[in-house]
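Novice: Here is what each chain is made of, one letter per residue.
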Amino acid sequence: MVDSTMVLTGQTIAYTIYCIVIILLVAWFAWRVTGKGSNSAVKPALFYTFVGFLTVLGVSLHIVTYNTIPWSKVDLNRSDYVPDKTFTITVKNHQFILPSGEMIINVHDKVLFDVKSEDLTYGFGLFRTDNSMLFQMQVVPGHRNDVIWQFDKPGVYTIRSTEYSGPRGADMVVRDAVRVVPADEAN
Amino acid sequence: MSFTRTLINGEEGLFKADTLTPMQKLTLRFVVVGLIYFGFVVIEGMLMRLYEVKPLPFITEPQFFAILTAHPLVGIFGSTYSIVCGAFLFLVPFLMKKPLWSIKLGNWTFILIAGGTFVFWFSGFVSHYAPLYTLYWPLPADFTQFSVWGGTFFILGIALVMVGTALFIINVFKTITYTPEGWEKQPSGALLASALGITGFNNLFRKKKKEHLVPLPVAAVARGSVDMALNTLTILFTGVLILVYMVGSILGYYLKETAIDALLYKNWFWWGLDLIADGLVLIFVAGTWYLLAMLITNKPLFMQNIARAALLLELIVSWTVWSHHLLSDQAQPDVLKVISGEMVTAFELITQGLAFFITLATLWSARPLKMTNPLKFLLGGLLGFALAVPAGIMQADVGLNRILHNTQWVVGPHVHVAILVGLTMTLYAAIYILFPILTNGAKIYSQKLANVHFWCHLLGGIGMGAFMGMAGLNGMLRRSPYVNGEFNAYMILAALCGTLIMIGFLAFFYNIVMSVGLKGVLGIFTPSKLKTKDLVPAA
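Chains as they are written, first to last, in the numbering used here: chain A, 1 to 187; chain B, 1001 to 1539.
Just so you know, the hints here were simulated from the structure itself, not pulled from any lab data. Just so you know, these numbers come straight off a predicted model, no measurement behind them. Beta carbons: idealized from backbone N, C-alpha and C, even for Gly. Any given hint might turn out to be false.
[As the list claims (entries may be wrong)] Listed below are the simulated DSS-like cross-link pairs for lysine-lysine, each with C-alpha atoms no more than 30 angstroms apart in a straight line:
(1) A:K116 with B:K1209
(2) B:K1299 with A:K43
(3) A:K36 with B:K1448
(4) B:K1529 with A:K43
(5) A:K43 with B:K1370
(6) A:K92 with B:K1256
(7) A:K43 with B:K1208
(8) A:K43 with B:K1448
(9) B:K1097 with B:K1531
(10) B:K1370 with A:K36
[As the list claims (entries may be wrong)] Here are the in silico distance ranges between beta carbons for each label pair:
(11) B:F1122 with A:M6: 44 to 50 angstroms
(12) B:A1489 with A:L24: 25 to 31 angstroms
(13) B:K1054 with A:L46: 28 to 34 angstroms
(14) A:L57 with B:L1056: 39 to 45 angstroms
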């Protein structure tokens, strides 16, 4: 399955190519607009083509991501999925109160993280050992904050608050809190 | 001319502050204060960047977060609002060919924005009040972490800026619609309708089209000012709400934070706050691009009617896009996430793309052009938004937001490139083009320094955004210090780019001081000897 590393790699390649193209385009324009040549009007047809291109681009981006990023559909239809495991987590006074016992997940399981804040707005994110992000969500007090995530690889993940909640929130990190193991290793 | 003499009297002694009209002085005061606050922002940005590489011994963690809170607010209100208000209070009457409605109100706008910024910056500096500009409820009222008195002065400072902004808006609309003394009665209703785009909209259904009474850049200022007004009301209301809790705490009453729904508050506040980032900034910038293109080429704008319609569309779009800031809020209704957060937000690619194309097409129609300072900074500004807007559209996606929200990606390639490269370079272009008009023909001291400013700012701004973006894609959060140096490579490179921006800014500041002289800088702040409402001295 496509994971967040692959999605970000795709995004990096696409955005880098776009940046190079647009920088070269503006540089070319700067060179040509000040270089030799007579003034000439731009044809309206070119303008309307450009508008059409932008429209297609703007709409297609979300259609493409909805159909290629696996968690998009799950996210927007969470109530339709039955999770294999549920973890209920409370956040209070800048502390994550995790379920008792280790948080162990089988590979390929769909896991529901249900996080509740009892005071401030926090964030909840899972990070790999190389500090890259697996996913995150906001944790708003007085509301349900839940995300379903399917884990496709074994690994160890750190929980970190991804939202600023005052200077005391800077240390809201629980290292190696979640362990994903091959199905035959789990209970 | 000797160095000392130039430093005191300016380049060739051409700038004479006592020849300035009250309007010229007012505008120049705004610009000087805006640039000083920009200097604050550059220093604060560098301090934070260095802290992110290695915590600095003279900055405590609460101080770091206080800087993090003040930095964007000083940048937006102290610097950008100052320069924008100064420029538009001059340009609106200049383009309408009549005096500003009230110079007195203009002076109050200046005092309130400059003073209010200092009040909130200073109270944050002293008390370390640090709920960030986002003010997520109930953090601004969390008095276990923050000083209630520090917070009270902080919010009062913001409120002063908002009052100054409200006076600016009144002045803009009154200037468009009023009848100056001795003039034939002006059609105020028709002028207002033209400024807001109602005439243009009605023209779509008329056989006989009505002419536009208001020049296009003024229409952009008016429409951006609508967003500014709505945003001012939102921030003022929120400020009053927070002040109620603060005053309650000072008087010994505990008010329950749960009385306010955190998600509803977040929607409300982002709706208003986003009217700056996705509203007035984009509309003002588009208007400024159009004006610059017309002034540089001395030609009418390409597709002028479409440009007017796009400005109106941008205004309406700006009221409905706030939800892209709440794509990671799971309690936010999906319909808002998809329609407001994704679909309507994607319209910004179209409206800003149109402005980009129209500006380039107008410039193209007048080739060959000379690569002047206004032109090169304008192209820099266009490039900045061409890079930053698609970065924003990418993160305004349900799927991608799950792995990008609150990372350095959001604040690097999107926010910093939009503000530093897109917005600031557009403002520099406006400053360079207005400089001879506002100074009665003073000369820029050194073109080489202007070139250093341009390249350092452009490369520094893009480079900083790129390295922050790379850190973000690798998981670095935007508001978390990484004390173990996890992302040092990216942060050191971003700091080097920040240094380039600082060098560029120092080159620009020195160039401007040497152009007008220290005597001239001080003279800007003394009362004008000319008793006139004219914008520039009579020939």
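Novice: Taking the hints in turn, state whether each one holds.
Specialist: Results of checking the hints against the structure:
Between K116 of chain A and K1209 of chain B the alpha-carbon distance is near 58 angstroms, which puts this suggested pair outside the 30 angstroms criterion. A distance of roughly 16 angstroms separates the Cα atoms of K1299 of chain B and K43 of chain A; the hinted pair therefore holds under the 30 angstroms criterion. The hinted pair formed by K36 of chain A and K1448 of chain B meets the criterion: a straight-line CA distance of about 24 angstroms does not exceed 30 angstroms. The straight-line distance between the Cα atoms of K1529 of chain B and K43 of chain A is roughly 51 angstroms, outside the 30 angstroms bound, and the hint therefore fails.
For a cut-off of 30 angstroms, the pair hint linking K43 of chain A to K1370 of chain B stands: about 23 angstroms separates their Cα positions. A distance of roughly 16 angstroms separates the Cα atoms of K92 of chain A and K1256 of chain B; the hinted pair therefore holds under the 30 angstroms criterion. With a C-alpha separation of about 26 angstroms, the suggested pairing of K43 of chain A with K1208 of chain B holds against the 30 angstroms cut-off. Using a Cα cut-off of 30 angstroms, the hinted pair K43 of chain A and K1448 of chain B is violated, with the two alpha carbons roughly 37 angstroms apart.
At most 30 angstroms may separate the alpha-carbon atoms for a hinted pair to count; K1097 of chain B and K1531 of chain B meet this at roughly 19 angstroms. A hinted pair counts as satisfied when its Cα atoms are at most 30 angstroms apart, and K1370 of chain B with K36 of chain A qualifies at roughly 11 angstroms. In this structure the hint that F1122 of chain B and M6 of chain A lie 44 to 50 angstroms apart at CB holds, the actual value being about 48 angstroms. The hinted window of 25 to 31 angstroms between A1489 of chain B and L24 of chain A holds, with their beta carbons roughly 27 angstroms apart.
Distance hint for K1054 of chain B and L46 of chain A: a CB-CB separation of about 51 angstroms, inconsistent with the stated range 28 to 34 angstroms. Taken as a hint, the range 39 to 45 angstroms holds for the pair L57 of chain A and L1056 of chain B, whose Cβ atoms sit roughly 43 angstroms apart.
Hint compliance for this structure: hints 1, 4, 8, 13 are not met, and every other hint is.
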